[in-house]
Structures are given as C-alpha cells and as structure tokens.
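A.B. asks: Protein chains in written order, with the numbering used here: chain Z, 1434 to 1694; chain P, 12 to 285.
These are computed hints drawn from the structure, not numbers from a lab. Where a beta carbon is used, it is the ideal one built from N, C-alpha and C, also for glycine. Treat each hint with caution, since some may be false.
Claimed, not checked - Chain P residues, not near chain Z, derived (Cβ > 10 Å throughout): (1) N84; (2) K97; (3) R100; (4) R103; (5) Q124; (6) E129; (7) L137; (8) G139; (9) F142; (10) D160; (11) S170; (12) A197; (13) D200; (14) K206; (15) E209; (16) K272.
To be verified - Covered stretches of chain Z (chain P as the covering partner; in silico rule of three or more C-beta atoms under 8 Å from a C-beta of chain P): (17) 1441-1450; (18) 1518-1530; (19) 1686-1692.
The residues making up each chain are set out below.
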Amino acid sequence: MLRATKDIWENRHALRSQFYVNIKTTVATTRLGLLWWILDPLLLMLIYYFVVKVIFDRGGPNYHLFALCGIVTWQSFSRSITLCTSSLTSNAGLIKQALVPMVLYVIISPLVQAFFYLIGLMIIMVWNWPVLGFQTIGVFILVFLMVLMSFAIGLFLSIFEVYIRDTGKLLSYILRFGFYISPILYSPDRIYEIASIPDYAKTLYSLNPMVHFITAVRDLLFFGRMFDYLPIVITFGVTLCIMQIGLVFFRRVSPYVPKMI
Amino acid sequence: MFMSEILINAVSQPVKAPQPMVTFSNVGLCFQKHASIFDLLFGRKKKDREFWALQNISFTVCEGDTIGIIGRNGSGKSTLSLVCTKIYRPDRGKVEINGRVQLLALGVGFEKQLSGRENVYINGSLMGLKFSEIRRQIDDIEAFADIGDFMDEQMRTYSSGMKSRLAFAIATAIRPEILILDEVLATGDKAFQDKAMERMKNLQSLARCALVISHNPAQLRKLCNKVIWLEKGKIVMQGDPETVLSAYSAFCANPKEWMAKNNEEPNHPKIIVN
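Excised from the complex, chain P in its bound form:
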C-alpha cells in the first residue's frame, strides 16, 4: 500500500527538489564578555569585550539530509547547534528554520531524584508533547531504551550510557523534523550505537533531517551525506564526507603545521566539495 503510493507519487511528480529545512546565511554569533544589563537595554556594544564564536557560517540542510559537524574542542560546534534551535539569536546574518527542532545533548534536563519513567514525562513535556501523547509512546520509548528495571529507579543510579539511551529514545520517539545530536552516540555501547544508527537511517528515509556532532569519523562516514568542518568558529570545509573527513584527519595529525602550510587563518570556506 505504502509502496504503491510512493510509486504513484514518483510518476505524477517526476523530480521534486528537496525542501531546505535549515538555511544559514553568513551567520555570526558573538559572546559579550562581562556584558552589563544597561548595555543590553540601550543597545550599546563594546568591541573589546566581544568574542566571535561563529563567523560567516553558511550552509543548507535539506529534507533527508544528515549533516555531520566535526571540529576540535572549542571550535563552535555546540554553539552552532544552539543557533539551530533558535536558543541563541545570531548577531549577524540570517537563520531560517522550517520545522520542529529538537536538540539532544547529554545529561541535560534529567531530574536525578526522580525515576526514569517520570523523567520521560518531564522531558517529553519540555519538548512540547502532551501527556496523552507521551502515554501513547512510553512503551515504545521503554523498549528502545532497553534499560530493564532501571526504568523505575531514580535517575541518579543510572550510568551515563543508560542516560543517553533514554535521552535518545525520547528525542527520536517524538519524531522531530530536525534532530540535532550533540555527541550523544558516543557513550552508548556497540549494540545501542547500531540500533541508534538504524533509527537515524529511518529518520533519514522519512525525509526528516539531522545534524550530528561527533568526534568519531567512522560514525559520520556511515551516517552522513555531508560533513562540515569547523575551526575557530569558521567553516574550513564542507561537502562530501570522505573528502572532508580525510582532510580533517590530516589536520588533526598536526594542527600547527597544517595551519602554517595553509599560511592563514581559516577565513572563509576555501574548499567546497559537492
């Protein structure tokens, strides 16, 4: 039934360009060190206190895309993900987002004193679900997290792997249109990582999109159809995973030398591979 529908669609609408879900154009974001409340109210800005965490970021995420984001610590990966969720307002440029975004970072939003089951409700409601919707999904979440009797134990007894299992199960169960994973897959065991991969592939096939932040090139290679490499808040390279990731590995082997060879700060996207 489902297959035939797709076939019919394919015949009647031959080629449909994928809809852009997230569009960044020349986005910059700066942190004010020691900003005072009066500066804010009167719109004053002090140049010497600024720290630009992101500069000239431009990219597009389309339906069905899974984009990997890689970079050294402090290169702006997590900041970028917070701009995607509209929690950080960009100071320069424009961000367009079409769809419900869900950010998933480790160990955030769980209440240690309460049980896992209660936390599913709390977390779900913070993600904008109704209690009735959560009640409908809770079995599914429990099955996917697969942490057994710990579901009714207090959260403080959980290992970090268990926490990420539960967090991932909740975030993907609500089927957000745009899912952002901030190093969540790193802590799970092999079995869970495989299961998570499979679910991510499912999300891809449902024409939802995802941004995956990871330090694991093998994972990104398997999951993503495009990788963005950030360094010092700027995009060094974006495009085909194989190319970007091997360039990144070469860079990581000796960052200083690489910088010297390229003889400049990563100012603008020098290489775009498509």
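Next comes chain Z alone, as it looks inside the complex:
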C-alpha cells in the first residue's frame, strides 16, 4: 500500500491531468454537459418514485429523498466499478507509450466518480437542508470509503478484464442484481422484519457492505443524525485488507499486461 501511495504521489501531475481529461470529456461529449450528472439520478428517482409510491403505494414520507440517497450512492459505486474494469483495456494506447504506473489508470475512475458523487450528495443536501448539521461532515468519510472500496475491487476486475474479456459483460448483470439486494429502494429493516426469510439469509444480507454504506448515507442526509460507527469501521478495515491483497496481485501481474492489450 505504501508503494502504491508513493507511485501515485510521484505521478500526481499525470493523475491531475487524467482527472481533468476524464471530467472534461464526459462533459464535452454531450450537449447538456455537466447537467447530465444532476439529471441522471433525478430521472431515475422519478421512475422509482412512480413505481413504488404511485403504483404500489408503498414507501414512507419523503420517499423521493429516501430513494435518491440510495440511487446516487449506487450509481456512483456501479459506475466506478464498471469504469475500473475497463481502465486497463481502454487505456491500452497510453500504457504502451507512457511510463506511468498502471495503478494510476485504475484509481482515476473512482476519483472522478467521487467528484460526481459529491455533486449528487450536494443535491440531496440542498433539497433536505433542514437536517444538515455538524454531522454532515461525515459525508467526506463516506466518499473516501467509496473511493477505496471501488479501487480495491477494481484492482482485481481490471486485470480479469484483460485476460477474460467477458468480465465486463458479466459484471453488468451482477451489478443489476446488486441493485436489488442493496437497500436502495427500501430500508434494510424491511428485510430484517420479514419472518419468512431465514436467519442465516439475514446474516448473509448484512455482510453486503452497501447495506451499511447506504444506511450511513441516509442517517446523515435523510434523518440528519450521525451514522453507526461500528459497521463503517469494519467496512473500512475489510476494504483495506482487500486493497492490500489487490495491490500485491496487481503488482505481480501488471508487468505482463502490456503484452495482452
């Protein structure tokens, strides 16, 4: 982890310019530009609001904001993972020309997505301003955790994608599945309340880091209270372990990557 931090620090100028490129190109390709990053979660929110609230007549008060917390978080997570996965294959040209450590291409997508994630969270904050308070600063901890989580997973997936090009395809289905097993449209308490779900399944469900992550986001921005420390600290710890294993794996395999792309 130290070596990776050093690599990234030494190439911070390249990182900065790649960050700029990524933001500028996503914005430059469309007519509405930056506005898309605001519109995208809002439109999704509208769809789910229609389905859950209007058709099924479920969801609590302020369901639109409740769902938005989940949607913004999930979108950011799934986008960074998807982009991480293709980070080595889509940067093949650069990898074969520039002497920048490859780890840089993997971390750039989580960083860019973190930027857009902050924009999304800002929308919620503005909308739900009465609950803001000192605890809102906790958002930065969560965004940081999000970067580490997607980076840790991305280290593995980006390499898998080089060797098995089906990874990206498969991932889109897994992410679709993940959308429903994470408490995006509902509260995790719903799962725990249902008696027909066996206990082991509930334990399994609580192992999903997104359950705790989204709960924490909601605590901060929907209910306006500090989140539970324990699940977040544990998620941090597990993420750091996976990241360390990922970095060792990445360092071991990455010298062979240029030949394969």
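Based on these hints, arrange chain P on the given structure of chain Z.
C.D. replies: Leaving out everything else, chain P in the frame of chain Z:
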C-alpha cells in the same frame, strides 16, 4: 564560454569512452497466445502457445549514437522499442537502460475532444513533467510545432501531419536522454522533416541517444551512425548504415530469393560491420 569549457575538458580528459545508454544482451521476448490468468499466477508456460517476437537480440547504444532500425512489417521493430522503454519485460536475456526514455509513436495519448494546448499538458504530464515545467516550455513547443491557430482547436480537427508535428515537438522539448521514434517522421512534410532532422542532430550533439524506426533508407542514412536490420525477430545485420541499408535494399527487391540464396533463417547476426 561554452566552447572554451569543451576545450578545457578535452585537454584535461583526453579520451573518454562513450557511456553505454542502452545495452541488450541476448534478449528474447515471447507473446503467449491465449494466456490465462492462472498460468501467470502460478508461473506455468505452455510451449505450443508461444510466439517469439524477438530472439537473441544484442546491441549497445552509446552516448551520442543515433541508431536506425529497419525491417519488414512484423519483424519486431515496434516490439523492440517497447522493450527499450521497459514497458515489455523481456522473457530472456538482459536489458540495461541508463537514463530517461521517451517513446514517440503516432497518434497515441492524444485526447480527440480536447485542444492541442490541453493535450500538450496531458501528454507532458504523462511523460513525467511537472505542470510548471510544461508552462515554461509551451511557447517553445508551439513555435516548433508551428501549426498556428490549430493549437487551440480540438484535436479531432488535426491532420495526421499536424498530430505528428505536435507529438514530436513535445517529446523533444522534454529532452529525454533516450528518444525512440516509431515512424513519426514519415508523415510530416518536407519542411518539418528538415526541422526535425536538425533537432535530432542537436540531440546527438548533446550526447543524448536516439533510436529511429523508419522505412525510409534515405532518412536513416542521413541521421544514423549505425543501423540494425531485423527480420522475424532476429538481427540479420547491424553496423555501418551504408552497408546494412544497401544489403536491406537488395533483400527487399526479392525477399524469397534472398532467403533461398542464404539458405537459412536469419538465426544469429551473421554480419557485423563496425
């Protein structure tokens, strides 16, 4: 002032052997066709899937050298340049490189949606420059590329010649110790080629070295003090440009016949002229 310093140096240190910048000893590089990730992790190698792109490559590039690399398509020229930049790790033999390497290939690393000026910063930073260093050099780069108002246009509007002008300007402005040009000079017009030649000569006089990959024998003759001829990943001949290039021309006139006459695959450097 500068001249006198050189004179003094020349007196105090009479003969100094040129420092080797790049040394290849028996380098081989193989591509694994359909390698699986498990083979990699457990270090397995399957012989039938191997393709040796380079075999038994040995040469030295010293300070002030400009080495030309010539060969037919698919003979391993670009692969060789990627080994020089340490992007490809050789599977056999040893590569020693002393100095900062910069590889320059056409149309790589430019972002089409952004302007030329922005791309200078992006490319420069990928080559390891700080933003402040690029800011200091940008006028120089702009002047050398000489593409006028296109500097602030989106890159997608550029012609391939303009792209190579800009790429060459950036790569030489950072003054790498070892510069590798992969068919970059081919697309520029005559005026630019002359200017590029001049800058290459400058680099030579600064005791930096360069490897030039080209299909243009006249260019190599003018620029290089040594030429390496590759065929099927092996060195056929290396040495004095005149000799190697004329042999290569003879070969190109009828490759099959040449092979038959020499009656064997180019296994090892048969002829080394110095």
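A.B. asks: A separate judgement is required for each hint: does it hold in the structure or not?
C.D. replies: Structure-based check of all given hints:
1. Here N84 of chain P stays apart from chain Z, with its beta-carbon at least about 18 Å from theirs, past the 10 Å limit.
2. A Cβ of chain Z approaches the Cβ of K97 of chain P within 10 Å, the least distance being about 7 Å, so the stated non-interface status is violated.
3. The claim that R100 of chain P is not at the interface with chain Z is violated, since a C-beta of that chain comes within 10 Å of its own (minimum 5 Å).
4. The claim that R103 of chain P lies off the interface holds: its Cβ sits roughly 14 Å from the closest Cβ of chain Z, which is beyond the 10 Å cut-off.
5. The claim that Q124 of chain P is not at the interface with chain Z is violated, since a C-beta of that chain comes within 10 Å of its own (minimum 5 Å).
6. For E129 of chain P, the requirement that its beta carbon stay farther than 10 Å from each beta carbon of chain Z is not met, with the minimum near 8 Å.
7. Under the 10 Å C-beta cut-off, the non-interface status given to L137 of chain P relative to chain Z is violated; the minimum distance is some 4 Å.
8. Distance check for G139 of chain P against chain Z: the nearest CB is about 7 Å away, which does not clear 10 Å, and the non-interface claim fails.
9. Distance check on F142 of chain P: its Cβ comes as close as 6 Å (rounded) to a Cβ of chain Z, failing to clear the 10 Å threshold; non-interface status is violated.
10. Consistency note on D160 of chain P: stated as away from chain Z, and its beta-carbon is indeed over 10 Å from all of that chain's, at 20 Å minimum.
11. With 10 Å as the threshold on Cβ separation, the claim that S170 of chain P sits away from chain Z holds: the shortest Cβ distance comes to roughly 19 Å.
12. The non-interface label for A197 of chain P is consistent with chain Z: the shortest C-beta to C-beta separation is roughly 17 Å, beyond 10 Å.
13. Distance to chain Z confirms D200 of chain P as a non-interface residue, since its nearest Cβ pair spans about 24 Å, more than 10 Å.
14. Under the 10 Å C-beta cut-off, the non-interface status given to K206 of chain P relative to chain Z holds; the minimum distance is some 23 Å.
15. At roughly 25 Å from the closest C-beta of chain Z, the C-beta of E209 of chain P stays outside 10 Å, upholding its exclusion from the interface.
16. Its beta-carbon lying about 35 Å from the closest one in chain Z, K272 of chain P satisfies the requirement of being farther than 10 Å from that chain.
17. Counting residues of the segment 1441-1450 of chain Z whose CB lies closer than 8 Å to any CB of chain P gives 5, so the stated coverage by that chain holds, three being the minimum.
18. Chain P is given as covering the segment 1518-1530 of chain Z, and this holds because 5 residues of the stretch bring a CB closer than 8 Å to a CB of that chain, at least three being needed.
19. As drawn, the segment 1686-1692 of chain Z meets chain P at 5 residues by the rule of a beta-carbon pair under 8 Å; at three or more, the given contact holds.
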